[in-house]
Amino acid sequence: MFSGFIWLCKWLLGCFKPQVGLLLWLLLVIGLGKRKRGLIMGIWNAHTSVGNITGSLIAASVLEHGWGWSFIAPGTLIAIAGNIGFSCFLAAYPEDIGFPCLNGPAARVEAVPRDVEAPTQNEGTVEEGKSTAIRDRSGARRSVGLLEACLIPGVIPFAFCLFFSKLVAYTFLYWLPFYLSQTEIGGEYMSVKSAGNLSTLFDVGGIVGGILAGHISDKLRARAITAASFMYAAIPSMLLYRLYGNLSRTVNIVLMMIAGLFINGPYALITTAVSADLGTHSSLRGDSRALATVTAIIDGTGSIGAAIGPLLTGFLSTKGWDTVFVMLMLGALIAGLLFITSGCG
1 MFSGFIWLCK
11 WLLGCFKPQV
21 GLLLWLLLVI
31 GLGKRKRGLI
41 MGIWNAHTSV
51 GNITGSLIAA
61 SVLEHGWGWS
71 FIAPGTLIAI
81 AGNIGFSCFL
91 AAYPEDIGFP
101 CLNGPAARVE
111 AVPRDVEAPT
121 QNEGTVEEGK
131 STAIRDRSGA
141 RRSVGLLEAC
151 LIPGVIPFAF
161 CLFFSKLVAY
171 TFLYWLPFYL
181 SQTEIGGEYM
191 SVKSAGNLST
201 LFDVGGIVGG
211 ILAGHISDKL
221 RARAITAASF
231 MYAAIPSMLL
241 YRLYGNLSRT
251 VNIVLMMIAG
261 LFINGPYALI
271 TTAVSADLGT
281 HSSLRGDSRA
291 LATVTAIIDG
301 TGSIGAAIGP
311 LLTGFLSTKG
321 WDTVFVMLML
331 GALIAGLLFI
341 TSGCG
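Note that full-length UniProt numbering has the sequence shown beginning at 1, numbered continuously upward.
Any given hint could turn out to be false.
Stated by the list, open to error - Taking lysine to any residue pairs in the SDA-like style, the calculated list, with each CA pair at most 25 Å apart, reads:
hint, residue 1, residue 2
1, K219, L77
2, K36, A296
3, K193, M257
4, K193, S181
5, K193, L243
6, K193, S317
What the hints assert, rightly or not - So the derived label-pair ranges between C-beta atoms look like this:
hint, residue 1, residue 2, range
7, L337, T183, 27 to 33 Å
8, V50, L151, 32 to 38 Å
9, V192, G85, 29 to 35 Å
10, I72, G187, 33 to 39 Å
11, A73, C150, 28 to 34 Å
12, G98, W321, 48 to 54 Å
13, S191, R221, 45 to 51 Å
14, G75, L247, 23 to 29 Å
15, S317, A81, 29 to 35 Å
Simulated from the structure, these hints should not be mistaken for laboratory data.
All figures in this text were calculated on a predicted structure; none of them were measured in a lab.
Note that the Cβ used here is the ideal one computed from N, Cα and C, for glycine as well.
Can you build the whole structure from these sequences, using the hints too?
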C-alpha cells in the first residue's frame, strides 16, 4: 500500500516527535514547585489528547478524498502551527519569562550520589550533605550520566510501568477506529469516518483522567499508589467495554470514556509529574540537567511499549478481539503491579 520511502519518512518523524515534546515539557517543569505539580502537569498534558482528537477529526474529514489526504492535512497543520509557535512565542532565554538562568551561579555545581560515581584524579570534589558535587578542573558542568540516572530510586521501575501503560494506551489510540468499524454496535456497523470521529471520545476521557490523577496524587502525595489504582480500575473498564460496548452507541460512548479515563490517567502522570519528581531527587541536588536524562529514560522505555502494543495487536486480532483485550488487561495488571513494587510513594 505504501512505498518503503514513505515508511522511512514516517519512522524518522516518529523519532523526532517525542524529543520535541520532551524539550517543551522540560522548559515548563523548571519553574514549577512540587505542591501542585500533578494537577498543573495534568492540565498541561491535556494538549496531547487534544492533539489526538484534532488529528483524528481532520483525518476523518478528508477520507472521502483519499487516504493520502489523512496524512497531508494534519501534516500541513503541524508545519504551520510549529512555525507560528517558534517564530512568535518561543522565548530565547529562560530569564526572559521569569525563570532562573540555567548558567547562573546556582547551576554551576552539579551533584551526583556519592555511591554512584567516585571522582577521578582529574576532578575536584566538594562534600555537601549526602551528595558529592563534581566539577572538572576547567570548572565546566557535567551532565548526569545514563547509569547514574538509572540508579536513582524509582527510575527503572517507573520506566517499565510506562512501557506497559503506553502499550495499552497506544493500542487503543491506533486500533480503536478500526475496532469500531468492525464491530456491530446497536445492530449496525458504522462507517470508517464515523468510527474515527467516535474514537476521539476515548481521548476526551483521557483528558479528565490525566487531570484527575494529577490532582489526587497531589492530595495523597502518593504518585505510585494513584497510578496503580487507575491501572487496576482500567482492567474492569476494558472488560465491560468489550462485553457491553456493542449494546448501543450511547453505552459504547460511556464505557469508552471511562476506559480512557483510567488508561490515560497513569500514562499522563508518569510522563509529567513522576518524571519531574525523580529528576529532582534529593540525591541529585543542584543537577538541573538530570531532569532531562531521567525523563528521556522513562519516556524512551514507554515509547518502546507504544510501538510493541499496536504491533502485537495486528497479529492477535486475527485470532479475535477477545485475545487483544486479554493482552491489554494483562498489560494493565503488570503495570499496576510494577507501580506497587516500585518503592516510591
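Hints, one by one, checked against the model:
The straight-line distance between the Cα atoms of K219 and L77 is roughly 38 Å, outside the 25 Å bound, and the hint therefore fails. For the proposed pair K36 and A296, the alpha carbon gap of about 23 Å is at most 25 Å, so the pair holds. Using a Cα cut-off of 25 Å, the hinted pair K193 and M257 holds, with the two alpha carbons roughly 19 Å apart. Between the alpha carbons of K193 and S181 the distance comes to roughly 9 Å, so the proposed pair stays at or under 25 Å and holds.
Between the alpha carbons of K193 and L243 the distance comes to roughly 24 Å, so the proposed pair stays at or under 25 Å and holds. For the hint pairing K193 with S317, the CA-to-CA distance comes to about 21 Å; that is within 25 Å, so the pair holds. For the pair L337 and T183, the beta carbons lie near 30 Å from each other, so the given range of 27 to 33 Å is met. The hinted window of 32 to 38 Å between V50 and L151 holds, with their beta carbons roughly 36 Å apart.
Remark: the range hint 29 to 35 Å for V192 to G85 is upheld by a beta-carbon distance near 32 Å. Separated by about 36 Å at the C-beta atoms, I72 and G187 satisfy the suggested range of 33 to 39 Å. For the hinted restraint 28 to 34 Å between A73 and C150, the CB-CB distance of approximately 41 Å leaves it violated. Remark: the range hint 48 to 54 Å for G98 to W321 is upheld by a beta-carbon distance near 51 Å.
The beta-carbon spacing between S191 and R221, approximately 47 Å, falls within the hinted interval of 45 to 51 Å. Between G75 and L247 the C-beta distance comes to about 38 Å, which lies outside the given range of 23 to 29 Å. Between S317 and A81, the C-beta spacing of about 34 Å keeps the proposed range 29 to 35 Å intact.
Going through the hint list in order, the structure does not satisfy hints 1, 11 and 14.
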